[in-house]
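Just so you know, the sequences run in chain order G and A.
Position one of the first sequence corresponds to residue 0 (numbering that gives the first Met the number 0), numbered consecutively onward.
Position one of the second sequence corresponds to residue 0 (numbering that gives the first Met the number 0), numbered consecutively onward.
Any given hint could turn out to be false.
Mimicking DSS-like on lysine-lysine, the simulated pairs with C-alpha atoms at most 27 Å apart in a straight line are [stated by the list, open to error]:
1) Lys183(A) with Lys141(G)
2) Lys179(G) with Lys141(A)
3) Lys141(A) with Lys141(G)
Simulated from the structure, these hints should not be mistaken for lab results.
Fair warning: this is a prediction, and the values are worked out from it, not measured in the lab.
2 protein chains.
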Amino acid sequence: MAGRPRAFDREQVLRRARDAFWARGYEGTSMSDLVEAMGIASASIYAAFGSKEALFHEAVADYDAHEGGFAARALAEEPTARDAIRRMLVDAATLFTQRGNPRGCMVVLSAPKCAKQNEAVAEWLSSQRRARHAVILRRLQKARESGEIRPDADPEMLADFYTTFLQGLSIQARDGFPRKRIMKTIDSAMLIFEAVMPHLAQ
Amino acid sequence: MAGRPRAFDREQVLRRARDAFWARGYEGTSMSDLVEAMGIASASIYAAFGSKEALFHEAVADYDAHEGGFAARALAEEPTARDAIRRMLVDAATLFTQRGNPRGCMVVLSAPKCAKQNEAVAEWLSSQRRARHAVILRRLQKARESGEIRPDADPEMLADFYTTFLQGLSIQARDGFPRKRIMKTIDSAMLIFEAVMPHLAQ
DNA sequence: TCGATTCTGGAATGATCGTCAAAGAATAGG
DNA sequence: CCTATTCTTTGACGATCATTCCAGAATCGA
Chain G
0 MAGRPRAFDR
10 EQVLRRARDA
20 FWARGYEGTS
30 MSDLVEAMGI
40 ASASIYAAFG
50 SKEALFHEAV
60 ADYDAHEGGF
70 AARALAEEPT
80 ARDAIRRMLV
90 DAATLFTQRG
100 NPRGCMVVLS
110 APKCAKQNEA
120 VAEWLSSQRR
130 ARHAVILRRL
140 QKARESGEIR
150 PDADPEMLAD
160 FYTTFLQGLS
170 IQARDGFPRK
180 RIMKTIDSAM
190 LIFEAVMPHL
200 AQ
Chain A
0 MAGRPRAFDR
10 EQVLRRARDA
20 FWARGYEGTS
30 MSDLVEAMGI
40 ASASIYAAFG
50 SKEALFHEAV
60 ADYDAHEGGF
70 AARALAEEPT
80 ARDAIRRMLV
90 DAATLFTQRG
100 NPRGCMVVLS
110 APKCAKQNEA
120 VAEWLSSQRR
130 ARHAVILRRL
140 QKARESGEIR
150 PDADPEMLAD
160 FYTTFLQGLS
170 IQARDGFPRK
180 RIMKTIDSAM
190 LIFEAVMPHL
200 AQ
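Required output: the full structure, derived from the provided sequences and hints.
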């Protein structure tokens, strides 16, 4: 009940596909690019993953489960919202400027624009971005409930701001901004948080 | 010494090509898309513009001369750096969420990632973005020289911040954020400027 | 009116796109 | 060993990509 065994490691070739997609986006990565990057024939790719689009979905899921999960991790693990936001940004900047990795975020850069026939992919990526925004927003709402930030602070406005900034970081990284400058930029962005911190004394 | 006259208005078909590229990016817009959008045969496109890439360059130049010039205009026309930055962001948000226009910035969204054979286009777009950053930086340096912002303020850090934020706006607009929310996000971003304003009294 | 010149639409170029059919190779249970 | 099953490689599929060739149509100076 078991035929010829698979000659490649599924996780390994998936990771290679992720890197290819990460570097060049969905449309920028052709099947022959994938064949070269993954080291297996296209028919094997179809047998193991179904289609280019299904492979891309798995690749993004893998990215999200590891590298791309920095936002969710930071927001869940840091005790205060302020530290969580800062760590999210710093982790993002670190990842986006990591040597050996494509620069910038896979979900932000992969397919903002594409041909009509791939609109579904672009739309799905957009929903991924909106999901990340929702995670940030929830953390900030929690912060207001717990008194970490002032009761008159606007969590949605803060979430919008940090989402916007985070996505801008991908373009900057992609354009070759050095890590040190990006880190300094994050210091600027964190000033926004000061305005919503409760005044300790007074 | 003059043959059959051209049956189309060059500026008009160029504008239509710009809209097509703006909506779908460089790779996302095929020649047949352009033929349909411009209303002329592909041979006419090649006769009038040379190639798809040359047409794209002209389209971006046209975008930059009109819609995309908002940054340069705001920075040149507003008397203070603070007003200039704010107007640049507000004009951007207005443009990016304009009904009838593709959402987001053509230069930011057109080709962050693309196939190997179009790397030159992506690289050129990146240089366009860096040029915009340079304009912002120059305005802020001028502001420090003239005392509009504090002498210990860091113009490069400010330019990096507002460039990052501005590029993030394109993704947000592309993802369907309503104009009102984007405008509120800009209010947040302008708080950064407070930190570098000279203290009037004291 | 007559070349000379320039633009037009249509068709065709070779290349590449994503996908899959077919046949051989390698394993399992019998 | 034999058969069933599953994976591999090869090569081809039709579609679409950017580009160009070609024949006809429209305008110029002469």
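Going down the list of hints, with the structure as the test:
Only pairs whose Cα atoms come within 27 Å are accepted, and lysine 183(A) paired with lysine 141(G) is accepted, the gap being roughly 21 Å. Only pairs whose Cα atoms come within 27 Å are accepted, and lysine 179(G) paired with lysine 141(A) is accepted, the gap being roughly 24 Å. Restraint check for lysine 141(A) and lysine 141(G): the C-alpha separation of about 42 Å exceeds 27 Å, so the hint is violated.
Consistency with the previously given hints fails for number 3 only.
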